[in-house]
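> Listed below are the residues making up each chain.
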Amino acid sequence: MRALLIFSIFIFAQLSYAQTISNQAYLGKLSKSLRGIPISFQERQELAQAEITNSVDIYIDQKIHEYMKGGLFQIKMKTLVDEHFRLRANQNPFNVSQGYDNSYTLKTAYDFLVENIIGENKSWDNFLVAKKYTYEFFKNPNGLDGDQAFYGTLLNWQASYDLVSELNGGGSGRPISETVEFDPQDMRIAGVITTSRFLDRYQNTALNKNRRRAAAIFRSFLCDDMVAAIPAKTNDSENKDFDTLLPAAPNAQAGGKSEDQLRRELRKSDPHGTLPGCMACHSKLDPMGRTLGLSPFGLSDQLSAGALVYKTSGHSVNIPVRGVGELAEKITQQKEYLDCQVNLFWKWYVGQDVPKTEVRHNELVAAFEKGGRRPWDFVAYLVQTSEFKKPPVLLTESQILARNAAKILKRCYDCHKDQYENLEMQEWDLTDLPYGTTPQARAYAINQLSSALDIKGNGAKKYMPPKDSLWQLSTDQYDTLKKWIQEGAPDYSGQRQIP
Amino acid sequence: MRTLIVFLILFQGSLGLASFDSNARRYMSYYEVIASLREFFLGSTSLPTGVISSTCLVVDADNKADLGYNSPATGEPITAAPNSNYIRWMSTCVGSYMSYLKMSSIKDSRLLSETTKKELFKTIDPNALLVWLDITEYNSLPESVKNDLVEFTFNLVFGPDDVFNQFGLMDAKLYRAKIRNHLDAQKYTVFKALSVIMLNYLNRDEFLSY
Numbered sequence: 001m002r003a004l005l006i007f008s009i010f011i012f013a014q015l016s017y018a019q020t021i022s023n024q025a026y027l028g029k030l031s032k033s034l035r036g037i038p039i040s041f042q043e044r045q046e047l048a049q050a051e052i053t054n055s056v057d058i059y060i061d062q063k064i065h066e067y068m069k070g071g072l073f074q075i076k077m078k079t080l081v082d083e084h085f086r087l088r089a090n091q092n093p094f095n096v097s098q099g100y101d102n103s104y105t106l107k108t109a110y111d112f113l114v115e116n117i118i119g120e121n122k123s124w125d126n127f128l129v130a131k132k133y134t135y136e137f138f139k140n141p142n143g144l145d146g147d148q149a150f151y152g153t154l155l156n157w158q159a160s161y162d163l164v165s166e167l168n169g170g171g172s173g174r175p176i177s178e179t180v181e182f183d184p185q186d187m188r189i190a191g192v193i194t195t196s197r198f199l200d201r202y203q204n205t206a207l208n209k210n211r212r213r214a215a216a217i218f219r220s221f222l223c224d225d226m227v228a229a230i231p232a233k234t235n236d237s238e239n240k241d242f243d244t245l246l247p248a249a250p251n252a253q254a255g256g257k258s259e260d261q262l263r264r265e266l267r268k269s270d271p272h273g274t275l276p277g278c279m280a281c282h283s284k285l286d287p288m289g290r291t292l293g294l295s296p297f298g299l300s301d302q303l304s305a306g307a308l309v310y311k312t313s314g315h316s317v318n319i320p321v322r323g324v325g326e327l328a329e330k331i332t333q334q335k336e337y338l339d340c341q342v343n344l345f346w347k348w349y350v351g352q353d354v355p356k357t358e359v360r361h362n363e364l365v366a367a368f369e370k371g372g373r374r375p376w377d378f379v380a381y382l383v384q385t386s387e388f389k390k391p392p393v394l395l396t397e398s399q400i401l402a403r404n405a406a407k408i409l410k411r412c413y414d415c416h417k418d419q420y421e422n423l424e425m426q427e428w429d430l431t432d433l434p435y436g437t438t439p440q441a442r443a444y445a446i447n448q449l450s451s452a453l454d455i456k457g458n459g460a461k462k463y464m465p466p467k468d469s470l471w472q473l474s475t476d477q478y479d480t481l482k483k484w485i486q487e488g489a490p491d492y493s494g495q496r497q498i499p
Numbered sequence: 001m002r003t004l005i006v007f008l009i010l011f012q013g014s015l016g017l018a019s020f021d022s023n024a025r026r027y028m029s030y031y032e033v034i035a036s037l038r039e040f041f042l043g044s045t046s047l048p049t050g051v052i053s054s055t056c057l058v059v060d061a062d063n064k065a066d067l068g069y070n071s072p073a074t075g076e077p078i079t080a081a082p083n084s085n086y087i088r089w090m091s092t093c094v095g096s097y098m099s100y101l102k103m104s105s106i107k108d109s110r111l112l113s114e115t116t117k118k119e120l121f122k123t124i125d126p127n128a129l130l131v132w133l134d135i136t137e138y139n140s141l142p143e144s145v146k147n148d149l150v151e152f153t154f155n156l157v158f159g160p161d162d163v164f165n166q167f168g169l170m171d172a173k174l175y176r177a178k179i180r181n182h183l184d185a186q187k188y189t190v191f192k193a194l195s196v197i198m199l200n201y202l203n204r205d206e207f208l209s210y
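Residue numbers (this note's numbering), protein chains in the order written: chain A, 1 to 499; chain B, 1 to 210.
Hints are computed from structural coordinates only; laboratory data are not their basis. Careful, some of the hints might be misleading.
Only part of the chain B face toward chain A is listed, based on derived beta-carbon distances under 10 Å [to be verified]:
{"no.": "1", "residue": "Ser29"}
{"no.": "2", "residue": "Val33"}
{"no.": "3", "residue": "Leu57"}
{"no.": "4", "residue": "Asp60"}
{"no.": "5", "residue": "Asn70"}
{"no.": "6", "residue": "Asp162"}
Pairs of lysine to aspartate or glutamate residues, derived as EDC-like cross-links and limited to a Cα-Cα distance of at most 16 Å, are as follows [to be verified]:
{"no.": "7", "chain 1": "A", "residue 1": "Lys410", "chain 2": "A", "residue 2": "Asp429"}
{"no.": "8", "chain 1": "A", "residue 1": "Lys347", "chain 2": "B", "residue 2": "Asp162"}
{"no.": "9", "chain 1": "B", "residue 1": "Lys187", "chain 2": "B", "residue 2": "Glu137"}
{"no.": "10", "chain 1": "A", "residue 1": "Lys417", "chain 2": "A", "residue 2": "Glu397"}
{"no.": "11", "chain 1": "A", "residue 1": "Lys389", "chain 2": "B", "residue 2": "Asp162"}
{"no.": "12", "chain 1": "A", "residue 1": "Lys407", "chain 2": "A", "residue 2": "Glu424"}
{"no.": "13", "chain 1": "B", "residue 1": "Lys187", "chain 2": "B", "residue 2": "Asp171"}
{"no.": "14", "chain 1": "A", "residue 1": "Lys335", "chain 2": "A", "residue 2": "Asp224"}
{"no.": "15", "chain 1": "A", "residue 1": "Lys417", "chain 2": "A", "residue 2": "Asp224"}
{"no.": "16", "chain 1": "A", "residue 1": "Lys407", "chain 2": "B", "residue 2": "Glu76"}
{"no.": "17", "chain 1": "A", "residue 1": "Lys407", "chain 2": "B", "residue 2": "Asp148"}
{"no.": "18", "chain 1": "A", "residue 1": "Lys410", "chain 2": "B", "residue 2": "Glu76"}
{"no.": "19", "chain 1": "A", "residue 1": "Lys347", "chain 2": "B", "residue 2": "Asp21"}
{"no.": "20", "chain 1": "A", "residue 1": "Lys390", "chain 2": "B", "residue 2": "Glu151"}
{"no.": "21", "chain 1": "A", "residue 1": "Lys483", "chain 2": "A", "residue 2": "Asp454"}
Here a beta-carbon is modelled for each residue, glycine too, at the ideal position from N, C-alpha and C.
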């Protein structure tokens, strides 16, 4: 009887543990989530006092707003954004002088834009649709410098250029900052996309045709992660002369190849982008890449038409656009964009391991919209949800193994989901565990997977991914999948799929 | 009965792993842990130049892989979770900050409670506290002061016991008892004991993750 009583108390404690965290723990989590540091001893005492006077909700609300207005919140969010765009995040976020290095790093249009959106709580859409840039540069008697040179070709087009202000600066060793604002209808400008930092990060060549940039846009704004794969049938695709990769001059008379010549040659010798297997990604990348077609290295003052093309459940999206500015605008109108950005905030502030139903997801999207798509409003909403206040789920080894396996298999699915042939593979979401509804169906699916990747043989006899694909599984990834299968291919709840 | 005991032990729950990547339980990122240490030891006082090791203030080639810096190439942290190099880095930084506290006025030290200070100042000149902490054996302290050193710093770092316990990794009282047992078994000076306490606390998942 005593044992039963102890057991009951124990069960009750475990269940209570799973419900919600204490006020002290909640404030501590808020502080680390929003500004990246623990709460102070003084704040603990203030909260304890608020508990006595029954004013905890008011105190917590006040703290949320105080944290978000602070510099640490903005530093943290900027770093998260930099990491999301896969740019090098600031390695000295608190500007600590290191004594030996007094060089100044110029802030670019990208840096100011991100800080402005976060610092002034502007709509998140501004990452795509902003038309106003501030940047720093050093006065250069020989010509334009830094971002001033980057926007230089557009600055001469008086019809859409308005120098808003030229701020003080320029003293010895000090940079000048300048702000330019383009017409809201200017289709050549698109938020972070048309910044030097973004275009430099995703370098382009004539062979690449802005596909790398298009892939970055798909990944960052539509959460469509595509993997580069070049399953060339011959070795010719590797033999590209320097002139093809980096054309010297835009016209034949100057001795270099013209754009038309390049396109004809590339279509003849380069199967990349035309084979059915490649079309899964290229049908999306190429039309988007064309919007930056005239801006291979710097920003062109000419519009370049293209399209936003992708598949979504049940139908295809194909929206012709006049330029990258219109492309960006159309992206903000897509459901997939909203879903993606909401999931991003969820990952940052609540945790991607925390499950949510479709109904719950739709509630979050509605909240994001209601807050005008502004970051502070949505973050304040998220950190007051019941999911945020729950203690973190302690995952078992099997559950972690399932997640690691799914991470690898997602690379496969990202390619297969848009393919034009083999519809069975197209419909099979490899990250949707468990597979099938019966043990036999699951065993069959695991067997197919195992054989396609040749997991047991570390890929020696595999046929997926294709041998010429740029993405191949590493030894570690094979080990993870082997272990996953040996443990019965557990699903996200840790249950074995195969006995 | 034995089955029930085994069942109760198994029902303790398993150790859940955190990572640097954004998920339900994550480790503080490189800039968060740098800011947290600075905030914890210095509070709002300005950073003294050249006193704290620069590896504790900025990310550089030596520490970035171990502190969970995101690789721009993959978009993921270079290492999934803290490793032995992380512990070594933390040791360097805790040592650096503790040395700074030793140089500054220890009587204003954030690591000693008012109760402890009041107790110590009964017999020690506050201006001589610095030297006293460095030469006095921890084991010569009264039990109440020894308890206070461990508990006060625990409260500073983690907060109340329920905050520590909600991670489900170890019971707070049990943990403090283990720390006390270790300190009692060594021949540490008071200052060394404080350093050992801080190093232990600041390497716990309950501090580093959320």
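> All the hints need checking, so say for each whether the structure fits it.
Checked hints:
1. Ser29: 7 Å, holds
2. Val33: The hint holds - B/Val33 has a Cβ within 10 Å of chain A, the shortest such distance being about 9 Å.
3. Leu57: 4 Å, holds
4. Asp60: 7 Å, holds
5. Asn70: 4 Å, holds
6. Asp162: 5 Å, holds
7. A/Lys410 <-> A/Asp429: With Cα atoms ~8 Å apart, A/Lys410 and A/Asp429 stay inside 16 Å; holds.
8. A/Lys347 <-> B/Asp162: 26 Å, violated
9. B/Lys187 <-> B/Glu137: The given pair, whose Cα atoms are some 7 Å apart, holds under the 16 Å limit.
10. A/Lys417 <-> A/Glu397: Measuring from Cα to Cα gives roughly 29 Å; hence the hint is violated.
11. A/Lys389 <-> B/Asp162: 14 Å, holds
12. A/Lys407 <-> A/Glu424: 21 Å, violated
13. B/Lys187 <-> B/Asp171: Measuring from Cα to Cα gives roughly 26 Å; hence the hint is violated.
14. A/Lys335 <-> A/Asp224: 13 Å, holds
15. A/Lys417 <-> A/Asp224: 10 Å, holds
16. A/Lys407 <-> B/Glu76: Given pair A/Lys407, B/Glu76 holds - Cα atoms ~12 Å apart, limit 16 Å.
17. A/Lys407 <-> B/Asp148: 47 Å, violated
18. A/Lys410 <-> B/Glu76: 15 Å, holds
19. A/Lys347 <-> B/Asp21: Within the cut-off at roughly 9 Å; holds.
20. A/Lys390 <-> B/Glu151: 26 Å, violated
21. A/Lys483 <-> A/Asp454: OK: A/Lys483 and A/Asp454 at ~14 Å, within 16 Å.
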